[in-house]
Amino acid sequence: MRSTGRWLPPHLLVALVIGTILSVAGCRSMLELPDRAKRSGYDPQQPAEEGWLFRRITGREEPSATSQPSSADSSAAKPARSAGQNELGNLQQTADNGTAVQRTSANQDSGEPLPPADADTVIVPRSDEEEEEEDFILFEIPKRLGKLFQPKRDESLARSLYQEGAELYRRGRYEEAAAKFKKAAKHWPNSPLEEDALFMAGESYFFADRYPQAENAYLELLKKYEFTRYLDTVAKREFAIGRYWEQVELSKPSMLGLVQWGDKSRPTFDTWGRAIKAYQNVRLYDPTGPLADDAVMATANAYFLKGRYQDAAYHYDLLRKDYSQSEHAVNAALLAIKAHELSYQGPLYDGTPLEKAERAADELLTVYRDRLGSDREEVVRAKNEITEEKAMRYFAIGQYYDNRHYYGAARYYYRATLREFPHTKAAVLAAERIRQIDGLPDKPPNRFKFLTDLFESHKDEP
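Add 257 to a position in the sequence shown, counting from 1, and you land on the number used in the numbering used here.
Derived by calculation from the structure, the hints in this document are not laboratory data.
Be aware that a few hints might be false.
[What the hints assert, rightly or not] What follows is a list of derived Cβ distance ranges for each label pair:
#1 L562 to V516: 16 to 22 Å
#2 K493 to W518: 24 to 30 Å
#3 N703 to K682: 46 to 52 Å
#4 K521 to K493: 19 to 25 Å
#5 E634 to K682: 39 to 45 Å
#6 D607 to P544: 29 to 35 Å
#7 L708 to Y657: 24 to 30 Å
#8 T623 to P544: 35 to 41 Å
#9 D619 to K509: 39 to 45 Å
For each residue, glycine too, the CB sits at the ideal point set by N, CA and C.
Please put together the full structure from these sequences, using the hints given.
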């Protein structure tokens, strides 16, 4: 039984028949490739064995320029090339024709055949903007947003603003001059003009007693132009600013040591910390300059006065190591001994500060003995104190075992005190204690012998 629901509508059947007839009879020309694609070896009507890709893979020779084309595209002759034009490789412009291009290949010497190039093809190199756009990723969004608000690059405007700032600077209107210099730097970045403008902005703020803004301008200059020709002057300014902030914080402390209002010559927050940072900038950006050792010494002294003896000792040692010929070397070594002694917490704690203090004392007595003068007696006294402290460390360990009735271990450390430090007070105490515990057992009595015997018996079992 025939079901009429399975037949297609008549108009669809007619369209299907017409499409089949057209595809068989006469639509080939509508699907042909352009001549350029045929000449490049991509003609689907050409046998695969005659294409350039097959020849390249199999190592067959390229057909000579005089041979006739072997496929249906023989009527489409290739355009003639200039005499100096290569067949393959990277594109370069010819001298006689500004629009013509030719190729040079890194593989030309090896004779390796490459895809043929069309003479009328021009490849335009991609711009930096296109490369940057391709590398666009999420974390660059803030950077790109910042560029939207950057002032327009304009050299003439920047120079005009700089001249206006210079005139205001000569008149003593320093804050107005600083604003002009900052604008000039923004309108012509990464240039000698920006370097000059940043320096003059710092100078303007400095003479206007706006030291926080001046320090920021100097720091921006040092970060962008590390080897600026104004380095010596900037180092002096940084040192002076740090010195002022340190002294004013000692005389007029900030609220809770952190916050102050009303004084525009000081930072709002952490005046003392900003002073230390200014000292450190001097050494960081001008480590071989005339103020580098002064900055390290000032930093160490500031820490010492604050009671931060470990930080002070570190910077004193840094000065002795990196600036051994400095005028501050002897004082740094003397203060290093004191700082290390003050940072030492006692015989039951780390003994590294004592070791470092002893090395500083030995250095003074050997390397700087001619420069010590009357301080030599102070160094000898300090070295004797260090020896006493080291002896007390041995005696303290002996006392630890003595208090727990491990008299054997206690005697060992008491004897070590006598042997290593015989002329110390700790040695006298150790000798007296050795006599007191003479004859006592090395270990305390075992008050849980039944338990220990039980565990030992289990150990012997297989």
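**Asked** Holds or violated: 29 to 35 Å for the Cβ distance of D607 and P544?
**Response** Check passed, 31 Å falls within 29 to 35 Å.
**Message:** Holds or violated: the 39 to 45 Å window for the beta-carbon distance between D619 and K509?
**Reply:** Given a distance of about 42 Å, which is inside 39 to 45 Å, the answer is holds.
**Asked** How does the Cβ-Cβ distance of K493 and W518 compare with 24 to 30 Å: does it lie in that range?
**Response** holds (29 Å)
**Item:** Consistency of beta-carbon spacing, K493 to K521, with hint 19 to 25 Å
**Value:** Given range 19 to 25 Å: holds, Cβ gap about 22 Å.
**Item:** Cβ separation of L562 and V516, checked against the hinted range 16 to 22 Å
**Value:** Distance hint for L562, V516 holds at roughly 21 Å.
**Asked** Is 35 to 41 Å a correct range for the gap between the Cβ atoms of T623 and P544?
**Response** The hinted range 35 to 41 Å is violated for T623 and P544, with Cβ atoms some 27 Å apart.
**Prompt:** Regarding L708 and Y657, is the given constraint of 24 to 30 Å on their beta-carbon distance met?
**Reply:** holds (25 Å)
**Request:** Could you tell me whether the CB distance from E634 to K682 stays inside 39 to 45 Å?
**Result:** violated (20 Å)
**Request:** Go ahead and decide if the range 46 to 52 Å is satisfied by the Cβ distance of N703 to K682.
**Result:** violated (36 Å)
This entry does not satisfy hints 3, 5, 8, going by the numbered hints stated previously.
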